[in-house]
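Q: Read off the chains here:
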Amino acid sequence: MSDTLEIKDLKATVDGHEILKGLSLTVPKGEVHAIMGPNGSGKSTLAKVMAGHEDYEVTGGSVLMDGEELFDMDVDERSRAGFFLAFQYPLEIPGVSNANFLRAARQARLPEGEEIDAVAFYKEMYARMDELGMDRKFTGRSVNEGFSGGEKKRNEILQMVMLDPKYAVLDETDSGLDIDALKVVAHGVNAMRSPERGFLVITHYQRLLDYIVPDVVHVLFDGRIVKTGGKDLALKLEAEGYDWVKDEVLANA
Amino acid sequence: MSEAATLEAVTIDSEGDFSYPEAYAHDAGVGLNEDTLDYISNVKGEADWIREFRKKALKTFESKPNPTHWASKDLENIKFENIRYYLSKGQKPTRSWDEVPDDVKQTFERLGIPEKERKYLAGVEAQFDSEAAYSNVKVELEKEGVIFVNSTEGLREHPELFRKWFGKVIPTGDNKYSALNSAVFSGGSFIYVPPGVKVKHPLQAYFRINAENFGQFERTLIIVDEGAEVTYMEGCTAPKFETATLHSAVVELVAMADAKIQYITVQNWSNNVFNLVTKRAIAHENAEVRWIDCNIGSRLTMKYPGVVMKGRKARGEVISIALANDGQHQDTGAKMVHAADETTSNVVSKSISVGEGRSTYRGLVHIPKHLKGCKNNTECDALLINSNSRTDTYPAISVRGNQHATQHEASVSQVSEDQIFYMQQRGLSEAAAMSLSVNGFVNDLVREFPMEYSVELKRLIDLEMEGSVG
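Chains A and B, in that order, are what the protein sequence lines are. Counting from 0, one number per residue, gives the positions in the first sequence under the numbering used here. Counting from 1056, one number per residue, gives the positions in the second sequence under the numbering used here.
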């Protein structure tokens, strides 16, 4: 189907262990879906598998982005086609400034032989940084090097804004954030919500969803989506933990 | 049309990887003995003292073992008996590209040399195998007394200038390969800049190997007289042959009092070339010598540019970048010999190892006890891309006496698969991600280069990274 990010019966292993065991869900453009689940349920695996990390082997199923198979594309092709992953642990790139990194990422989206308009690029980047409350000095610093947890996550959001993806997956973006940083990050995401974009927000805690209010909440357990509901489902999980979900799954097994 | 067809290059895949069919007027044959030396001397019409110099050097070369007790065992794979030591088309270097033989001219045109000459160079020498095919220096410089010729012409036409220093900065017996070069040298640049003359634009030499199983042994001697200044740049390439090729140069620089020399190398050898080069400078009082050395490609490079600071307040600097890809070993470094009071040296070395590529840094700093007020700063940083890379650092700093300042810093950083994955997730291809990391790593050094050369280096890094992605 077009205008959706559609995950169908996805199975994946790492080091021979099956982590995703037939996961299905669909994120239409314009919606924010959350995935919650206990530790070890496969949340981060899902994010990395979709992005194409080579440690994970896809053993079945598919992910269609606006009808196109993600698994037919290389990691960088997925990105250029409009798939963005905000990392749980953003990597540091010594010696490469934030500005150069973003510029290279934008340049990679232009046709061969076309040069990026540097003036327009800087103007846009500065405007976005102002919105995210980021200091201009950030542009000259090496990507994520020596950044605090909050700065790294803010930088992920800046990259997302600058790359303007069709679908963004946020992998535990709330981990390691204090409440102020969390608000800034949530504000950045909310400002990007649009009928032209879908979000999949992966989180362990309900807290983030107070600020990024989801349209749909999925519960991931043991490699499958075991429950889907509205934002109230997140509140119930926060109040009661995951045990009742586990019990339900085991009862149905 | 048929003529054009015969000149068609044999192979084309990356930039320097092409060659033209061989047709040489002078060929010293395969292998090395006294007859080889006589052949070279006869072709060049050399004076007796040069013939003697060559023959003594051959004996020194034969008596010295390969330095495999400290250097790579790969040196044993050089088959001296299979190498061709002299090849030339019998051409005299011309001052006009129009007079250069077509295949040679096309080679240099493909490498962009005439275009660069028009844009920003004060003089160019282009060497094809053993001899220069083209040599030209701007008329204004010639009028000021600047001499820019090849080694044969330099020793024949200007012995009063060059003989005094020839083989004095780097004696024949310095090492096995300086001895080999002294026996069979051909080509290279002999430059003299008279007192007070400041050459504004760079002089450039370009060394091209075209023939298989060939050894290139250029010899360069640059003398910059009191208060004079020059920047010299050299570039090197060779096609990718199946068999090993040897490049073994000797470069001697003499900076008289208050003189300044900047010597820039950007070499892009194919990975079958053994590149074993000896480079050293003497800096007299208040003189400054700066080596900027970029080593990309080759099978094994061994090169440690040095400065002997002989006069008070002399300054020496080595800035080097080495990139070792799969199957390559860059064994590079610097030698700083302080031989007068208040001398200052600076060494900044950056090495990049990709895949199974290997980088070694060897640095020697010598400050003897009787001197006062000497300073040395050494920084060496290594970057590893992917897990199999290897890097070693062997600093040898001997500082005696307590009136000196030295500091040494070393670091190793790594670009992991996860970092490449992260960059790819932002849309960069694997090659672009690696290039960006490498360029980021060398960025602060490259800023010191003349513009044209920093652009060139960035392009070479991009090409090398593209080649390293399967």
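There may be inaccurate statements among the hints.
If you only want the chain A side, here are some residues facing chain B, beta carbon under 8 Å, derived [to be verified]:
#	residue
1	50
2	52
3	79
4	86
5	93
6	95
7	103
8	104
9	111
10	112
11	122
12	158
13	162
Here are a few chain B residues that sit away from chain A, every Cβ distance over 12 Å (derived from the structure) [what the hints assert, rightly or not]:
#	residue
14	1115
15	1405
16	1485
17	1486
18	1499
Just so you know, the hints here were simulated from the structure itself, not pulled from any lab data. Where is the CB? At the ideal position from N, CA and C, for every residue including glycine.
Q: Now look at each hint and say whether the structure bears it out.
A: To see whether the hints hold, each was checked on the structure:
{"no.": "1", "hint": "50", "in the structure": "5 Å, holds"}
{"no.": "2", "hint": "52", "in the structure": "6 Å, holds"}
{"no.": "3", "hint": "79", "in the structure": "5 Å, holds"}
{"no.": "4", "hint": "86", "in the structure": "7 Å, holds"}
{"no.": "5", "hint": "93", "in the structure": "5 Å, holds"}
{"no.": "6", "hint": "95", "in the structure": "4 Å, holds"}
{"no.": "7", "hint": "103", "in the structure": "5 Å, holds"}
{"no.": "8", "hint": "104", "in the structure": "4 Å, holds"}
{"no.": "9", "hint": "111", "in the structure": "12 Å, violated"}
{"no.": "10", "hint": "112", "in the structure": "14 Å, violated"}
{"no.": "11", "hint": "122", "in the structure": "20 Å, violated"}
{"no.": "12", "hint": "158", "in the structure": "6 Å, holds"}
{"no.": "13", "hint": "162", "in the structure": "7 Å, holds"}
{"no.": "14", "hint": "1115", "in the structure": "44 Å, holds"}
{"no.": "15", "hint": "1405", "in the structure": "10 Å, violated"}
{"no.": "16", "hint": "1485", "in the structure": "7 Å, violated"}
{"no.": "17", "hint": "1486", "in the structure": "10 Å, violated"}
{"no.": "18", "hint": "1499", "in the structure": "8 Å, violated"}
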